Amino acid sequence: DTGVSQDPRHKITKRGQNVTFRCDPISEHNRLYWYRQTLGQGPEFLTYFQNEAQLEKSRLLSDRFSAERPKGSFSTLEIQRTEQGDSAMYLCASSYVTGVTDTQYFGPGTRLTVL
Amino acid sequence: AQTVTQSQPEMSVQEAETVTLSCTYDTSESDYYLFWYKQPPSRQMILVIRQEAYKQQNATENRFSVNFQKAAKSFSLKISDSQLGDAAMYFCAGLYGNKLVFGAGTILRVKS
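So the protein lines, in turn, are chains S and C.
Start counting the first sequence at 34; every next residue gets the next number (my numbering).
Start counting the second sequence at 289; every next residue gets the next number (my numbering).
Honestly, the hints are just simulated from the structure, not real lab data.
All of these numbers come straight from a predicted model, not from anything done at the bench.
Calculated cross-link-like contacts (lysine to any residue; reagent style SDA-like; alpha-carbon spacing at most 25 Å):
no.: 1; chain 1: S; residue 1: Lys44; chain 2: C; residue 2: Pro329
no.: 2; chain 1: C; residue 1: Lys358; chain 2: S; residue 2: Asp135
no.: 3; chain 1: C; residue 1: Lys387; chain 2: S; residue 2: Thr35
no.: 4; chain 1: C; residue 1: Lys399; chain 2: S; residue 2: Gly73
no.: 5; chain 1: C; residue 1: Lys387; chain 2: S; residue 2: Phe107
no.: 6; chain 1: S; residue 1: Lys44; chain 2: C; residue 2: Pro328
no.: 7; chain 1: C; residue 1: Lys387; chain 2: S; residue 2: Asp57
no.: 8; chain 1: C; residue 1: Lys366; chain 2: S; residue 2: Tyr138
no.: 9; chain 1: C; residue 1: Lys387; chain 2: S; residue 2: Arg64
no.: 10; chain 1: C; residue 1: Lys358; chain 2: S; residue 2: Thr136
no.: 11; chain 1: S; residue 1: Lys44; chain 2: C; residue 2: Arg331
no.: 12; chain 1: C; residue 1: Lys366; chain 2: C; residue 2: Ser400
no.: 13; chain 1: C; residue 1: Lys366; chain 2: S; residue 2: Gly73
no.: 14; chain 1: C; residue 1: Lys358; chain 2: S; residue 2: Thr134
no.: 15; chain 1: C; residue 1: Lys387; chain 2: S; residue 2: Arg42
no.: 16; chain 1: C; residue 1: Lys387; chain 2: S; residue 2: Tyr138
no.: 17; chain 1: C; residue 1: Lys343; chain 2: S; residue 2: Thr131
no.: 18; chain 1: C; residue 1: Lys387; chain 2: S; residue 2: Asp135
no.: 19; chain 1: C; residue 1: Lys343; chain 2: S; residue 2: Thr136
no.: 20; chain 1: C; residue 1: Lys366; chain 2: S; residue 2: Thr136
no.: 21; chain 1: C; residue 1: Lys387; chain 2: S; residue 2: Gly105
no.: 22; chain 1: C; residue 1: Lys361; chain 2: S; residue 2: Thr136
no.: 23; chain 1: C; residue 1: Lys343; chain 2: S; residue 2: Tyr129
no.: 24; chain 1: C; residue 1: Lys387; chain 2: S; residue 2: Leu93
no.: 25; chain 1: C; residue 1: Lys387; chain 2: S; residue 2: Arg144
no.: 26; chain 1: S; residue 1: Lys90; chain 2: C; residue 2: Thr315
no.: 27; chain 1: S; residue 1: Lys44; chain 2: C; residue 2: Ile334
no.: 28; chain 1: C; residue 1: Lys361; chain 2: S; residue 2: Asp135
no.: 29; chain 1: C; residue 1: Lys343; chain 2: S; residue 2: Thr134
no.: 30; chain 1: C; residue 1: Lys399; chain 2: S; residue 2: Gln74
From the derived model, a few chain C residues whose C-beta atoms are all more than 12 Å from chain S:
no.: 31; residue: Thr308
no.: 32; residue: Ser310
no.: 33; residue: Gln344
no.: 34; residue: Ser364
no.: 35; residue: Ser368
no.: 36; residue: Asp369
no.: 37; residue: Val398
Simulated coverage check for chain S against chain C, where a stretch passes if three residues somewhere in it have a Cβ under 8 Å from a Cβ of chain C:
no.: 38; segment: 68-81
no.: 39; segment: 136-145
The C-beta atom is built at its ideal place from N, Cα and C for all residues, glycine as well.
I would like the entire structure built from these sequences, with the hints used as guidance.
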């Protein structure tokens with residue numbers, strides 16, 4: 034069983050450009066999460082999906098950020114008009130929720146650098 | 289608001305010895321889960337151990353065990369027989385509702 038995969042692993046972009054990241058969860062996991070991690074800090078929750086429905090978004094997620102999970106499988110996170118403050122590691126996690134248990138497994142992350 | 293606090297920015301341990309990493313949390317929820325994750329340098333986050341708040345018994349996974357004190361809202365991680373491969377950033381996290389809330393992390397250095 035393969036783990037969570039993310040693409041690309043690294044992205045360097047210029048301020049003002051749009052970027053899109055992809056996450057492929059563990060097969061049959063019904064929940065998919067996006068987190069952001071800045072250097073030396075713990076990850077912060079951005080948003081999550083149950084199947085294809087986006088059920089919660091953090092206040093950290095400005096209007097420039099949008100996430101989709103069109104068929105309940107892979108997900109994309111797009112950042113429009115990037116700013117230097119968007120530079121961070123973007124982590125994806127997935128889980129299979131039964132009842133109240135929810136153990137999240139993380140991908141390797143996409144490191145974004147905005148110049 | 290749910291918070292997770294790790295008060296030790298960095299810890300060191302001699303190979304084969306035991307080290308304890310501290311974590312405290314705050315929540316008003318009665319049902320929650322607590323986790324320890326390990327993040328080696330430039331590598332992905334790995335689940336180390338999980339504790340259900342309704343269970344009084346402390347979780348154990350091989351050399352890793354927790355000391356869960358619910359009343360004190362404390363959740364420490366003990367690593368026995370430390371190995372060089374244990375060197376990493378360790379994050380304590382609480383699952384509140386549907387999202388993980390992480391502490392700032394503790395860097396663990398293992399000396400040979």
